[in-house]
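Trainee: Each chain, letter by letter, is given below.
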Amino acid sequence: MHSGQEVIFWIAAVLIGGAGIRVVTSQNVVHAALYLVATLSGVAVLYVILLAEFVAWVQVLVYVGAVVVLMLFGLMLTRAPLGKANYDNDQRPLAALCALAIFGVTSYIMVDAFAGKEISFARTLGTTTASLSQVIFSAYVLPFEVVSILLLAALVGAVVIARRDDYDRPRPVRRRALSERPLDEPPPLERTEVTGAR
Amino acid sequence: MPVSYFLVLSSLLFSIGIYGVLARENAVLVLLSIELMLNAVNINLVAFAALFKQSGIPGQVFALFVIAVAAAEVGIGLAIVILIFRNRQDVDLDEMSLMKW
Chain A
130 MHSGQEVIFW
140 IAAVLIGGAG
150 IRVVTSQNVV
160 HAALYLVATL
170 SGVAVLYVIL
180 LAEFVAWVQV
190 LVYVGAVVVL
200 MLFGLMLTRA
210 PLGKANYDND
220 QRPLAALCAL
230 AIFGVTSYIM
240 VDAFAGKEIS
250 FARTLGTTTA
260 SLSQVIFSAY
270 VLPFEVVSIL
280 LLAALVGAVV
290 IARRDDYDRP
300 RPVRRRALSE
310 RPLDEPPPLE
320 RTEVTGAR
Chain B
22 MPVSYFLVLS
32 SLLFSIGIYG
42 VLARENAVLV
52 LLSIELMLNA
62 VNINLVAFAA
72 LFKQSGIPGQ
82 VFALFVIAVA
92 AAEVGIGLAI
102 VILIFRNRQD
112 VDLDEMSLMK
122 W
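Taken in order, these protein sequences are the chains called A and B. Take any residue in the first sequence, count from 1 to its spot, add 129: that is its number in the numbering used here. Take any residue in the second sequence, count from 1 to its spot, add 21: that is its number in the numbering used here.
These are calculated hints, taken from the structure and not from any lab test. Backbone N, C-alpha and C define an ideal beta-carbon position, used for all residues, glycine too. Errors might be hidden in some of the hints.
Among chain A residues calculated to face chain B with C-beta under 10 angstroms, some are [to be verified]:
(1) I140
(2) F183
(3) A244
(4) T257
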């Protein structure tokens, strides 16, 4: 007999595993970012199962809404060649071996240490969002403020790193040669200075 | 429902992220894989928060902190990637050996 949570867990687990593997193996960078959306949404479903509805919505807003869009901007701005054959380096077998070893060791340790521990999904004491807010703004208010300062500093730093230093100089305008211009395009309008009235 | 289901799923997601970090060559795709690993950590934190009920609420708080730090990391990381692209016209990690001994 499976509970509803268990059925939804297995659906989300298949989604997370399949889309996660596609994120690291897809040879199209935009598809990799879109598979990441599927993985992050599956993780948000897990948060809802685990009674963490506020964390689930933060996941949807911050990750699916902001981080993935930022990643897509990064992919577009770095003009990754879409037809490129290979985005992987030549240590794929070694990387797979390393990942399998870490998966084996960590999951063995986790299952061994927490065997027989059951999560009960019965709600006690109202929603978790209320108790979450009480804990954040009492015991964890100092780390909360530190995180907000960190975000501000990181965003200012990102602007400083990524902006052009030579923006006050005129940017060189790249002109297409006449031979590059397609034949059906009309020739550019000549701008003639009107000097003196007749 | 056994908590080990969530723990095994999170270590699966973590090792997928490790594979991506080791095997990818494009810097932005490595950043995507790091996001997978951070999400694996978050699954663990929220699963333990659910296991320990009322005393486990700080697990959710730390999951929120991890999400905030991940957003900051993506901002800085993409700024660095764009700066490297502007200087080298490429974000191939195997080519960035300037600061290697």
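Trainee: Work down the list of hints and note, for each, if the structure agrees.
Mentor: Now for the hints, and whether the structure bears them out:
no.: 1; hint: I140; result: 12 angstroms, violated
no.: 2; hint: F183; result: 7 angstroms, holds
no.: 3; hint: A244; result: 7 angstroms, holds
no.: 4; hint: T257; result: 7 angstroms, holds
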